[in-house]
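Trainee: Please build the complex by placing chain B on the supplied structure of chain A, with the hints as guidance.
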Amino acid sequence: MAYSGSSTPRYGDNSGGTLRLLVYVALAIALMVSDHRGGVLTRIRQGATIAVEPVWWLASLPARFIAFSESAFSNQTRLHHENVDLQQQLLLARARVQRLQSLAQENENLRELLGGTRGYRLAVQLAGVLDIDLDPVQQRIVLDVGSSQGVHVNQVVIDAGGVLGQVIAVTPTRATALLITDPDAAVPVQAARSGLRLIVYGTGRSDQLTVPNIPQSGDIKVGDELITSGIGGRFPAGFPVGRVTALSPDASHAFVAASVTPAARLDRSGSVLLVWDLPDDGTPTGPPAPGDLPTRRAAAALALRASASRAHAATPVAPAPAQSQLQQPRQPQQPAGSHR
Amino acid sequence: MNRANAGFFWLPLSVLLAVLLGLLPLPDAVAPLRPYFLGLVLVYWLLETPDRVGMGAAFVIGLIGDLTFGTLIGEHALRLTILAFIVQRFRARLRFFPLWQQSLAVFALLMNDRVIAAIVRMVLGEGAPRWTYWLSPLLALPLWPWLVVLFDTLRMRARERRP
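Protein sequence lines correspond, in order, to chains A and B. Be aware that the first sequence starts at 1, since it is given in our numbering, and climbs by one per residue. Be aware that the second sequence starts at 1, since it is given in our numbering, and climbs by one per residue.
This is chain A alone, in the form it adopts within the complex:
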């Protein structure tokens, strides 16, 4: 009864409401389109993100507190075991790095002989992942370093397993990275075994990547390791990306689609490494602009790496960069013998 009484005067409100709704919807769509295209609004958004950082910090507090109390109240024997374990790992990693350094030196010499192709020296920086969930459909993480620490857009993020993603936005104290599992992400890779070059796309699921269009004739098998190819100049070459878990014909039966398990641990926690390209011996070469790296040159570099890794096929390679300065290229874990 109360409703029927009030419905008549409300009618006028509602038609006005519809108009307002349309205005707001149009405004929202205009904002989305302009943000999607990336222009002024994207820059405004980066500025406004600074205002949001305290909220992110607040939201990450509970997780940080849990982590702290875990370490504060864990018992002595467990810590002792962990310590022994870590020391052993460190010893192994050091031994591997020793061998890797001689390898890298040799690689450098070979590159000099070839001339023209410059080797990359890579530096990495440790960064913590802020423990918050952003939008669940988009696969992103927030890092607790920002432009005041020298982080810049397009920097590659790795962890002990392999490539994790790429920085897409920075504020003075925070950086947002797009994970390789995001539907928007694509990484140029090559199969470590056959040298077949492919592009890996994210699926939106944190445990799966996909390669939708492999030619039928492509030399790829289940279990193949995929490493970054360096083509395109965005991701430095040689980092593991994932392993092929299944192959199936695509809808048109003209291509093969592969599903790939990412090599990095993508559960959005702990620490990650940010990769810097360093110019060789002070030569003024910045990171290559996207599309700047000629394909032939990259192919030559690949061939070189393949031969270098064949020469040391028996050398086990540390999966993680264990020191802050390591030399590029890292060796693929599978010897890429057949590619020349």
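Just to be clear, a hint being listed does not mean it is correct.
Unchecked claim - Computed from the model, here is a short list of chain B residues facing chain A with C-beta under 10 Å: (1) 70; (2) 78; (3) 133.
Said to hold, decoys possible - Some residues of chain A that are not near chain B, with every Cβ distance over 10 Å (derived): (4) 35; (5) 59; (6) 148; (7) 186; (8) 233.
As the list claims (entries may be wrong) - Selected chain A positions facing chain B (in silico; Cβ < 7 Å): (9) 67; (10) 123; (11) 135.
Hints were generated in silico from the structure; no laboratory data involved. Note that the coordinates shown come from a computational prediction; the quantities given were computed from them, not determined experimentally. In this text, a Cβ means the ideal position worked out from N, Cα and C, and glycines have one as well.
Mentor: Just chain B, lined up with the frame of chain A:
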């Protein structure tokens, strides 16, 4: 005057809480179940203080959501404005529903919101969401009565304490 002050205080606080709850890290298994707290809080205020919280407020809260959750600017704003429009249109009826019926209505509202979000995502070329994507409104169903009772009590207390 009293009411005005109380409302002024509670609205931003509840929005902040909703944002924090939305950001809180959850294990991957439970994460899809996280209800859309921002939407829930907005529905409450739309029902309780319709003269103060309308589509404009929904739009602004949406923009805040977009900034914190890192979505495209306008996405949450669009979703919340549409949510606000539907709530306003049916407010007279929703207001007098018993709580369990209100929960069902809120469930339907949030489901509709998920559909809109999915359409936005598909237009952006991110593909159809997984099935777990549709689970989130389910948890809002049992949560709604508690939220209403909690907020009502808090506001009542605040009003009583004032001289």
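Trainee: Which of the listed hints are broken here?
Mentor: 4, 5, 9, 10
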